[in-house]
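From just these sequences and the hints, can you work out the full model?
Residue numbers (our numbering), protein chains in the order written: chain D, 1 to 278; chain X, 1 to 131.
Partial selection, computed: residues in chain X whose CB lies under 10 Å from chain D:
| hint | residue |
| --- | --- |
| 1 | L41 |
| 2 | I48 |
| 3 | N53 |
| 4 | A59 |
| 5 | K60 |
| 6 | I67 |
| 7 | G76 |
| 8 | I80 |
| 9 | F89 |
None of these hints come from the bench; they were simulated from the model. Since the model is a prediction, treat every value here as computed from it, not as a measurement. Beta carbons: idealized from backbone N, C-alpha and C, even for Gly.
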Amino acid sequence: MTVLLFTIIVLLGAFVAGLLGSLTGLGGGVIIIPLLTLGLGVDVHYAIGASIISVIATSSGSAAAYVKEGITNIRIGMFLEIATTISAIVGVIIATYIKADYIIVIFGLILLFSAFMMLRKKIDHSNNEKTSVLANYFKLNGSYPVDGGQKQYAVHHVVGGFAMMFVAGTLSGLLGIGSGALKVIGMDNIMKIPFKVSTTTSNFMMGVTAAASALVYLHKGQIDPAIAMPVTIGVISGATIGAKILIKTKTDKLKLVFAVVVVFLALQMIYKGLTGAA
Amino acid sequence: MSNKIKHYLGDKDVQLILGTLLRVGVLVSTAIVIIGGIVFLSSQTNQIVSFENFKPEQAKFSSVAEIFKGLKTMDGLAIIQFGVLLLIFTPIARVVFSIFSFLMEKDYMYVLIGIIVLCVIITSLYLDIAH
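Dropping the structure here:
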């Protein structure tokens with residue numbers, strides 16, 4: 001394949017990935033990695049390197065829009081980043097020692113899980129019962145603006161949430177993804193943080209976490225500029241347009257269609273990994 | 001109570017600056033990647049590429065020093081990689097900025113937490129894992 005053709009295909013694919021990623025909240029890596037490995041026969045190491053860049057691009061791009069609304073809890077984000085950044089580096093180290101086939105299978109399983117999480121009805125568990133000693137100590141409880149006033153919320157199960165972030169970070173480093181689905185479990189279900197806060201805070205953390213592993217991947221030679229170029233440009237333009245459409249449209253049907261596609265990709269990845277075709 | 005309100009307003013300003021920082025970071029790095037892409041493509045449109053096998057030993061521009069060396073010769077790939085590097089540093093700049101804002105709020109516990117996170121990231125910059 002010529003450089004030009006490769007660039008154009010990846011550019012278009014990354015655009016779609018960025019667009020669907022921001023519309024469905026699933027992030028870009030979910031499509032970038034299958035596109036590169038299944039579609040273009042790119043080695044999974046390069047695909048992971050390109051994907052981690054797309055995670056940073058979407059995180060920073062959409063975070064710029066989010067922080068203006070003033071609901072990101074920087075303290076929760078910063079506190080949990082201790083777990084996610086350390087574990088992201090652990091994830092990259094693990095990736096160095098296990099076979100690429102296993103990484104592909106794990107990626108497939110995470111894809112299946114993410115599709116399930118995307119369709120699941122979200123329940124807001126947040127309340128204002130300040131019971132957690134650690135949450136008080138680390139000043140994690142906060143408030144967010146609701147028409148005219150401030151709504152207070154309390155954070156629960158700090159240790160459990162911190163542990164979940166360790167898992168999320170490890171998978172983020174291992175697979176080059178944002179691990180959004182796992183972060184949601186940690187923040188919404190375990191720590192009982194309100195959606196408005198958890199979505200933007202998890203997005204804030206994703207960029208920082210990905211930056212830690214991206215630097216290691218850069219040194220390992222997994223970030224190839226010829227792949228990173230169309231991926232970055234495509235994902236950023238797709239995500240920007242996606243964020244504009246998102247305000248005007250309902251995405252329920254799109255999520256269902258996208259979940260089917262993701263399940264299909266997941267099964268293909270698992271098959272590829274198990275048969276050693278990688 | 002007045003202290004609390006002041007705290008909130010301060011946060012608002014910080015968030016606004018943070019948002020701008022992220023936007024500028026993304027825009028500038030994308031622009032550099034596009035420029036590098038044009039330089040790169042204009043020189044080797046018809047060359048054949050293959051990424052079927054991972055060859056770390058052939059990796060060009062896999063460290064900050066190499067990227068800067070490549071920039072001097074206006075190598076398209078080095079320019080792209082410089083843009084990518086800036087993109088990676090955008091969220092890191094956000095951490096640094098947050099540390100300063102915690103310092104202004106005199107929240108030393110969070111200054112420390114921010115520094116821990118920053119140290120982990122700096123470690124990753126120097127971590128060289130063998131294959």
